[in-house]
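Trainee: Build the full structure now, drawing on both the sequences and the hints.
As you go down the protein sequences, you meet chains L and R in turn. Residues 22 to 344 in our numbering are what the first sequence lists, from first letter to last. Residues 546 to 643 in our numbering are what the second sequence lists, from first letter to last.
It should be emphasised that the hints constitute simulated quantities derived from the structure, not laboratory data. Just so you know, not all the hints are guaranteed correct.
Claimed, not checked - Pairs of lysine-lysine, DSS-like flavour, derived with a Cα cap of 27 Å: (1) Lys35/L with Lys608/R; (2) Lys117/L with Lys127/L; (3) Lys34/L with Lys584/R; (4) Lys582/R with Lys34/L; (5) Lys35/L with Lys127/L; (6) Lys561/R with Lys126/L.
What the hints assert, rightly or not - Restraint-style ranges between C-beta atoms, simulated for each label pair: (7) Ser546/R with Ser148/L: 43 to 53 Å; (8) Val575/R with Val80/L: 19 to 29 Å; (9) Asp613/R with Ile95/L: 22 to 32 Å.
To be verified - According to the in silico footprint, chain L covers these stretches of chain R (three or more CB under 8 Å from chain L): (10) 552-560; (11) 564-571; (12) 586-592; (13) 602-608; (14) 617-623.
All residues carry an ideal CB built from backbone N, CA and C; glycine is no exception.
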Amino acid sequence: PVNIKQLAQEFDKKEIGITQGHRLCPGCGAPITVKFVMMIARHLGYEPVVGLATGCLEVSTSIYPYTAWSVPYIHNAFENVAATMSGVETAYKALKNKGKIPEDKKYAFIAFGGDGGTYDIGLQSLSGMLERGHKVLYVLYDNEGYMNTGNQRSGSTPPGSDTTTAPVGKKLPGKVQLKKNIVEIVAAHENVYAATASLSEPMDFFAKVEKALNFDGPSFLAVFSPCVRFWRVNDDKTVEISKLAVETKYWPLYEVERGVYRVTRKPRQFKPVEEFLKAQGRFRKLLSRPDAKEIVDELQEYVDRRWERLLTLEEVTKDKPIR
Amino acid sequence: SLKSWKEIPIGGVIDKPGTAREYKTGAWRVMRPILHKEKCIDCMFCWLYCPDQAIIQEGGIMKGFNYDYCKGCGLCANVCPKQAIEMRPETEFLSEEG
Numbered sequence: 022p023v024n025i026k027q028l029a030q031e032f033d034k035k036e037i038g039i040t041q042g043h044r045l046c047p048g049c050g051a052p053i054t055v056k057f058v059m060m061i062a063r064h065l066g067y068e069p070v071v072g073l074a075t076g077c078l079e080v081s082t083s084i085y086p087y088t089a090w091s092v093p094y095i096h097n098a099f100e101n102v103a104a105t106m107s108g109v110e111t112a113y114k115a116l117k118n119k120g121k122i123p124e125d126k127k128y129a130f131i132a133f134g135g136d137g138g139t140y141d142i143g144l145q146s147l148s149g150m151l152e153r154g155h156k157v158l159y160v161l162y163d164n165e166g167y168m169n170t171g172n173q174r175s176g177s178t179p180p181g182s183d184t185t186t187a188p189v190g191k192k193l194p195g196k197v198q199l200k201k202n203i204v205e206i207v208a209a210h211e212n213v214y215a216a217t218a219s220l221s222e223p224m225d226f227f228a229k230v231e232k233a234l235n236f237d238g239p240s241f242l243a244v245f246s247p248c249v250r251f252w253r254v255n256d257d258k259t260v261e262i263s264k265l266a267v268e269t270k271y272w273p274l275y276e277v278e279r280g281v282y283r284v285t286r287k288p289r290q291f292k293p294v295e296e297f298l299k300a301q302g303r304f305r306k307l308l309s310r311p312d313a314k315e316i317v318d319e320l321q322e323y324v325d326r327r328w329e330r331l332l333t334l335e336e337v338t339k340d341k342p343i344r
Numbered sequence: 546s547l548k549s550w551k552e553i554p555i556g557g558v559i560d561k562p563g564t565a566r567e568y569k570t571g572a573w574r575v576m577r578p579i580l581h582k583e584k585c586i587d588c589m590f591c592w593l594y595c596p597d598q599a600i601i602q603e604g605g606i607m608k609g610f611n612y613d614y615c616k617g618c619g620l621c622a623n624v625c626p627k628q629a630i631e632m633r634p635e636t637e638f639l640s641e642e643g
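Mentor: Written out as structure tokens, the structure reads:
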């Protein structure tokens, strides 16, 4: 595996694929996610071909007449980045069969989508892509809401988070439902590689990108990607919050390869999930409610149970791939 | 300078890659990162995490910042294990640059 210093030496002049001058917020997690994925793809000798779902990343990197992409790039609509990239990958195969593409060139088909374009709007096309078995790496940058349009609730928003469509008020403590478990949904397609990653664990992140790109079939990477603007944290907190998410079991780092679970990071000590909530302004109103303790305890219980379940799954699925 | 409608390719296609580089996001900056090179250990964390690719490094040696693109988020200063990057208000630099 490559280390940070080696990457720096390799990319001090070389193009990464995403350029400067994009208009994402200062401190945004999305361009860091893109950088990590593209650098590893390039490092492994792949030519990246990128597709984007509608979202922050898409609107901020492709404002006419500018583009922040120096690799082949396509955007179609909100709900169909997976379908679009399926088409791109199929077209590539057809051209290769006809001998119109050099045999020695390695391409990596990478789709980037936010949580809106993945958990909710693009779920159907994602499922289709996984079922048909296109060799595409789908990278989810999960900022837990429709942040591009101004902080609306999504299937990924955690309970108690203050959004414009599920505000914390007198009656309701913000969103009342738990986050959708997208990795399980993807893993249920069986012949896939699905993993979670965090910006605070770059070596783990790189290893997963490498595994995903070399996987013979569709792969999915869920990246915890803080939104400094609507999580109400300072611009420089992106990595800090990611670290806290891993340390509080809120964002466990694991992978599922054809049904085989592996927890890739097992912190020796965990912090209470309350610390993760306290660090962010989006939970401030929740934490000042009289029933705050109840909701925090419920979330703590959930993350504990999920962690135990993951460890159990790791044990029982060891060396037992489903396909 | 923007092209007139007669000079734009049909369909509004962008015919060159990476043209966003012409758009200097450095003007957004409120806080400016300053490097204290004597404390720096060239770990490249700042380079790795900079969302705007505004860290200048050569062969893994930290050289400074590209103020044309740095938006001043301060992430580099936060991830620096040696506190070698200091964030100063941009107003302090107004007079010296006119």
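Trainee: Compare the structure with each hint and give your call.
Mentor: Now for the hints, and whether the structure bears them out:
| no. | hint | in the structure |
| --- | --- | --- |
| 1 | Lys35/L with Lys608/R | holds (17 Å) |
| 2 | Lys117/L with Lys127/L | holds (11 Å) |
| 3 | Lys34/L with Lys584/R | holds (25 Å) |
| 4 | Lys582/R with Lys34/L | holds (21 Å) |
| 5 | Lys35/L with Lys127/L | holds (18 Å) |
| 6 | Lys561/R with Lys126/L | holds (22 Å) |
| 7 | Ser546/R with Ser148/L: 43 to 53 Å | holds (46 Å) |
| 8 | Val575/R with Val80/L: 19 to 29 Å | holds (23 Å) |
| 9 | Asp613/R with Ile95/L: 22 to 32 Å | holds (28 Å) |
| 10 | 552-560 | holds (count 3) |
| 11 | 564-571 | holds (count 7) |
| 12 | 586-592 | holds (count 5) |
| 13 | 602-608 | holds (count 4) |
| 14 | 617-623 | holds (count 6) |
Of the hints listed earlier, there is not a single one the structure fails to meet.
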